[in-house]
Amino acid sequence: MTEEEKIFSGGVAVITGAGAGIGMGIARRCGHIGMTVIVTDIDKANADKVAADIISTGGRAEAIKVDVSKPEALDALAQDVFDRHGAVRLLVNNAGIETIGNVWEIPTARWETTLNVNIHGVVHGVRAFVPHMLRVGQEAWVANLASVGSFGQMPTQTAYMMSKHAIQSFSECLYLEMQVAKVPINVCSIIPGMLKTSIFDAQAGKGEPQSAVAHRATMAHMMANYGMDLDEGCRLFVQGMAARKFWISSQPEMTEQMLAGRIAFFEKQATPALSDQTRALLGL
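Quick note: the sequence shown, position 276, residue 276 per this note's numbering, numbers continuous.
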């Protein structure tokens, strides 16, 4: 039996945005190690498919449609899951979207959706689930999806970058709150590097300005050709959670490189500047 199985097998995992991408990969891994997986997504058809895949390989799963941009939907989800299952061992606040475009070109609706999903979805996921976890009193895990982008700068990806900076800060403070409160809830910051997902697919850019099309296509190409295998990355994420780590990276060397650049930027109090790599990406 693996360490992940010892820690998580028999428990309930709730994963937001699990109909595709990293959420799907973590859901499949949790099913593989013996958890009951609550697959949530705004697209019920995708959630159904992931749950069916887990069940077809001998796992336990169910699909629920949830829009994480609505705090009341997360309240209802938490109440329902605890009423029916009694406890949640693992909450993964994964749901997120990539938005591309200059700040002044992104329509209001797309800005609001990005911030409500990427930031408020995580905040209210914690707010909705943690009181139930505390009431049950068992050891539990809260994992929030940050990114190597939490430590970087990228023009035209500002909306996504700022949201991931916010989630990293939120998770750090949340970790300390759990320490101060002396409660058995582990907080983890999941830091994907470049994994093979559909986050940059063209259809995901609905509501973005026309100027975003080329950048999205370039990023999709890079991810498809150079990204890490999704299942391998998600295996590392679950392994890190079982080890009760706070920092959990799919590609630690990429995280270290981003952190080193960020530290140097702060130490020098440098003016933001485009790297050669960024210039090439933007076609400059």
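You may find that some hints are simply not true.
[As the list claims (entries may be wrong)] Straight-line C-alpha distance at most 30 Å; calculated DSBU-like pairs for lysine-lysine:
(1) Lys49 / Lys182
(2) Lys65 / Lys44
(3) Lys49 / Lys65
(4) Lys182 / Lys245
(5) Lys182 / Lys44
(6) Lys206 / Lys182
(7) Lys196 / Lys182
(8) Lys70 / Lys6
(9) Lys70 / Lys196
(10) Lys196 / Lys245
(11) Lys70 / Lys268
(12) Lys206 / Lys6
Treat the hints as calculated values from the structure; they're not laboratory data.
Computed from a prediction, not measured in an experiment: that's the story for all the values here.
How the hints compare with the structure:
1. Lys49 / Lys182: violated, 39 Å
2. Lys65 / Lys44: holds, 5 Å
3. Lys49 / Lys65: holds, 12 Å
4. Lys182 / Lys245: holds, 17 Å
5. Lys182 / Lys44: violated, 37 Å
6. Lys206 / Lys182: At roughly 44 Å apart (the allowed maximum being 30 Å), Lys182 and Lys206 break the hint.
7. Lys196 / Lys182: Given pair Lys196, Lys182 is violated - Cα atoms ~38 Å apart, limit 30 Å.
8. Lys70 / Lys6: violated, 34 Å
9. Lys70 / Lys196: holds, 28 Å
10. Lys196 / Lys245: holds, 24 Å
11. Lys70 / Lys268: Violated, at roughly 41 Å.
12. Lys206 / Lys6: The given pair, whose Cα atoms are some 42 Å apart, is violated under the 30 Å limit.
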